[in-house]
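Asks: From first to last, the protein sequence lines are chains A and B.
Just so you know, the working numbering puts 152 at position 152 of the first sequence, and the rest follows in order with no gaps.
Just so you know, the working numbering puts 50 at position 50 of the second sequence, and the rest follows in order with no gaps.
Careful, some of the hints might be misleading.
Unchecked claim - Below, computed lysine-lysine pairings styled on BS3-like, alpha-carbon distance capped at 30 Å:
| hint | chain 1 | residue 1 | chain 2 | residue 2 |
| --- | --- | --- | --- | --- |
| 1 | B | Lys252 | A | Lys66 |
| 2 | A | Lys216 | A | Lys188 |
| 3 | B | Lys106 | B | Lys131 |
| 4 | A | Lys66 | A | Lys192 |
| 5 | B | Lys106 | B | Lys10 |
| 6 | B | Lys290 | A | Lys209 |
By construction, these hints were calculated from the structure, which means they are not laboratory data.
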Amino acid sequence: MPTVDLASSPLRELNSVLHQLTPSTNETHWTVTNPRGQHNIAVGLDFPAEIEIDGHVGYYCAGMNKQARVTVRGNAGQGVAENMMSGCVHVTGDASQAAGASGNGGLLVIDGNASARCGISMKGIDIVVKGSVGHLSAFMAQAGKLVVLGDAGEALGDSIYEAQLFVRGAVASLGADCIEKPLKDEHKIELKKLLDDAGVDGISPDEFKRYGSARKLYHFHIDNVGSY
Amino acid sequence: MCGIAGLFLKDQKLAPELGGLLSGMLEALSDRGPDSAGFAVYGDGDAGQIKLTLRAAPSFDFAALVASLGKVAGAPIAYQVHDTHAVISIPTDREAAVASALLGMKDVDVVARGRRMAVFKEVGLPADVAKRFGLNAMTGTHAVGHTRMATESAVTTNGAHPFTTGTDQCLVHNGSLSNHNDVRRKLIRQGMTFRTENDSEVAAGYISSQMAAGASLQDAMTSSLAALDGFYTFVIGTETGFGVLRDPIACKPAVMAETDRWVAFGTEYRALVDLPGIDVARVWEPEPAKVYLWERH
Numbered sequence: 001m002p003t004v005d006l007a008s009s010p011l012r013e014l015n016s017v018l019h020q021l022t023p024s025t026n027e028t029h030w031t032v033t034n035p036r037g038q039h040n041i042a043v044g045l046d047f048p049a050e051i052e053i054d055g056h057v058g059y060y061c062a063g064m065n066k067q068a069r070v071t072v073r074g075n076a077g078q079g080v081a082e083n084m085m086s087g088c089v090h091v092t093g094d095a096s097q098a099a100g101a102s103g104n105g106g107l108l109v110i111d112g113n114a115s116a117r118c119g120i121s122m123k124g125i126d127i128v129v130k131g132s133v134g135h136l137s138a139f140m141a142q143a144g145k146l147v148v149l150g151d152a153g154e155a156l157g158d159s160i161y162e163a164q165l166f167v168r169g170a171v172a173s174l175g176a177d178c179i180e181k182p183l184k185d186e187h188k189i190e191l192k193k194l195l196d197d198a199g200v201d202g203i204s205p206d207e208f209k210r211y212g213s214a215r216k217l218y219h220f221h222i223d224n225v226g227s228y
Numbered sequence: 001m002c003g004i005a006g007l008f009l010k011d012q013k014l015a016p017e018l019g020g021l022l023s024g025m026l027e028a029l030s031d032r033g034p035d036s037a038g039f040a041v042y043g044d045g046d047a048g049q050i051k052l053t054l055r056a057a058p059s060f061d062f063a064a065l066v067a068s069l070g071k072v073a074g075a076p077i078a079y080q081v082h083d084t085h086a087v088i089s090i091p092t093d094r095e096a097a098v099a100s101a102l103l104g105m106k107d108v109d110v111v112a113r114g115r116r117m118a119v120f121k122e123v124g125l126p127a128d129v130a131k132r133f134g135l136n137a138m139t140g141t142h143a144v145g146h147t148r149m150a151t152e153s154a155v156t157t158n159g160a161h162p163f164t165t166g167t168d169q170c171l172v173h174n175g176s177l178s179n180h181n182d183v184r185r186k187l188i189r190q191g192m193t194f195r196t197e198n199d200s201e202v203a204a205g206y207i208s209s210q211m212a213a214g215a216s217l218q219d220a221m222t223s224s225l226a227a228l229d230g231f232y233t234f235v236i237g238t239e240t241g242f243g244v245l246r247d248p249i250a251c252k253p254a255v256m257a258e259t260d261r262w263v264a265f266g267t268e269y270r271a272l273v274d275l276p277g278i279d280v281a282r283v284w285e286p287e288p289a290k291v292y293l294w295e296r297h
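For reference, chain B alone in the conformation it holds in the complex (with noise of 0.2 Å):
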């Protein structure tokens, strides 16, 4: 099972209702995936500026984590607390000294990095890890989530997604995949870590990889059709773009609907009756091996 959801925004004047909109998807895919649930958000970025989402345990102290990491970066550091996850942005030139102060901090893990990208999971029903972050009052240009039901590692944070390998890079996956410790090995030997044993972080690493290397989204999205063996819906989410894939079987269900205003993706249609004009969408259902990508320019 696991329920994805996502959506793209083309008319900017709908990006306060962006959070909304997920949360409401998300909530309608709860039975789809109930052990945990995740967001990816992407908001406003400043130039220079560089964003981590930080995750610790509940209660923790983010204000004075912030204070003394102000002192490494030698200037204020401007930060979000999201219940047990708190979004800091720092200088570009700075976070090499943060990154390094937060490494030695055992209780503070960093869970995503972008100029755009916030990251946000939990364990717990969708509609209650959508509240507990706050998703209806986030504003931005694309989100993804899901719901899962965890089939290929434990329910944890941890293996919740999206899973997000790169800066602004991250996945959501419904499906299983057959040959990701292989892949993951190759990957390993690359160079790259992984914090699961999870199979979608390693298409997550994959897609990272293949950027890293160089590769566009759509090419990236290409090549892992051959790299990947399983069952899979993807919906990736990069700074600027939007991406669609199913598996050439395509055992995962997917429904896509597009106005001139959005392009949304459901695991069900249901995901999307909500959506402003879903009534005049074109509906239609992602063909399988098929690269569907939006960037914004």
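This is chain A alone, in the form it adopts within the complex (with noise of 0.2 Å):
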């Protein structure tokens, strides 16, 4: 099980190592030290690695993952785990602003807070946040589902597309055609698997409401023109 100290090993080895992994590889799990909240740690992987780092990371952490599942024992900056495709991502601490941006696929587990635009644009990815996310989350999201075990910020899923947000909490105020629907059996289906993906134990999905889009922004409507 290789460490890699960034205190005295440059980040752009450890990424380049990463990169090179191959399928024949025995060297799957990989811990990462001091990390002091450098910018861009394991970005890009395509490689069912599993990646420890122990600390607190900068922007963009595990960016652009695909297969591999890295774990930040610590916060992370802007941007963790955005344009994600597959694997799975985990943060133990809080997270800062857009986290998950832009995912297509993989799951995004924040055991803290994570701030304003949590999920931004996301299509695909399925994120868990076990605190609160700030303003504007799930802004202009188009697929994938965001669950959120406390509260939500303001403008909440402002201009939603077919993302789906399940809030267990208060929601300060709903953007731009995103409305409460109903909590059907196969929402709460879909709900406890994620839960269960995320180690969330004792929350059942009937505490949690849903919403989405109204699909009223879908098409130019005049009578619209105010909320474009």
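Both chains are given apart, each in its own frame, so use the hints to dock them into the complex.
Replies: If you want it as structure tokens, here you go:
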């Protein structure tokens, strides 16, 4: 199990080595120490490796992730797991703005809070935030599911397309074209699976409310001009 | 871009380390703002004395200047030279005479006034600027610093942060204000003067004008949310206070950390990694449109 100490080893080397992993390697479990808030740690991975980062990370950690399972034992800066394609990214602390931005797939789990614009323009990623999310979360979200165990800030789901939002706590306000929708059995089954995948115990899908698109802004309509 | 670093000490045993810690924070933020840097340090203050930070061209003879100012004041003046800046300490009741003498000198600028605050700023890489001024050796209760990537006005010493527009008051800013010309005109009509075309100086001036009218720092920061339009993270220093404010959209990054010995602000977490006890600090992102304020009583 290789350990890379970023206090003594350049970040470029770490990313380069991780990018060169091949299916025949036995080195599938990596530990990264002393991240000290550096940006772009473990970006662009395309291999089912397990990466554990021991400390707080800066911007864009695990961006563009495919297949890999990345754990950040600390807080993450802006854009953690942005544009993720598959795999899993787990932040044990808080995440800054734009967590999971424009992600196409995979699962992002944040044990703490995520700040503004969590899941902005998400395109298929699933995001589970055990704390609360900030304003304009799921802005222009197109596909995927955002699950928030705590509260959501203002303008949740502004200009949302087909993503599904599940919030257990209070929602400060809903954005344009975002409405509350019925939580049907099919949604509860999906939600239960996500909660299980995120390691959430003792919380029932019944405790959540579901939000999504009213689909009134899909096509230009003169009566909606003030909302575009 | 631009980077902000701020440190407010709760434990005065750390006072001798204030400058060294801030210096490390600024250096970590170099790639956010490599064109200029500056900082304000709140050090000791003597009752009945006022500190003026002066700035002049390189190799200026501050000793001769202070000797001549001593004659104006009627007593020798204590001073310390830091590269292109000097901090002079004069009896408050002689300030008017000294200030009047300084006004007549074209080659010296008075850049800051405070009972405890001194302000240093120059064009150059943050690490170089900190070294030139001897930041490592500076002590005090709190300090704010800035690394600049110029967007709203020229790369000049005057355009560097912090901006000070009142006694012991300074402000550093990451972002850009969209209504600064309008606010500047209003403040000028109220009698305020500005040194630069910089938007951040207007924010500093707005806070100072509110406080001059009797507002607390908390109230001045709250009212700036309505008065100032644009993107901003401000860190504000006063003689006893340390404030943080982000605009309602919170476009600009910010991280705070707190232990029982200090409170720190950094534009990025990287700026905080060498603070003593950071591993056990509470680290969080300040919320938009919320005033954070620490005061020493």
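Asks: Enumerate the violated hints, using their earlier numbering and listing them in ascending order.
Replies: 5
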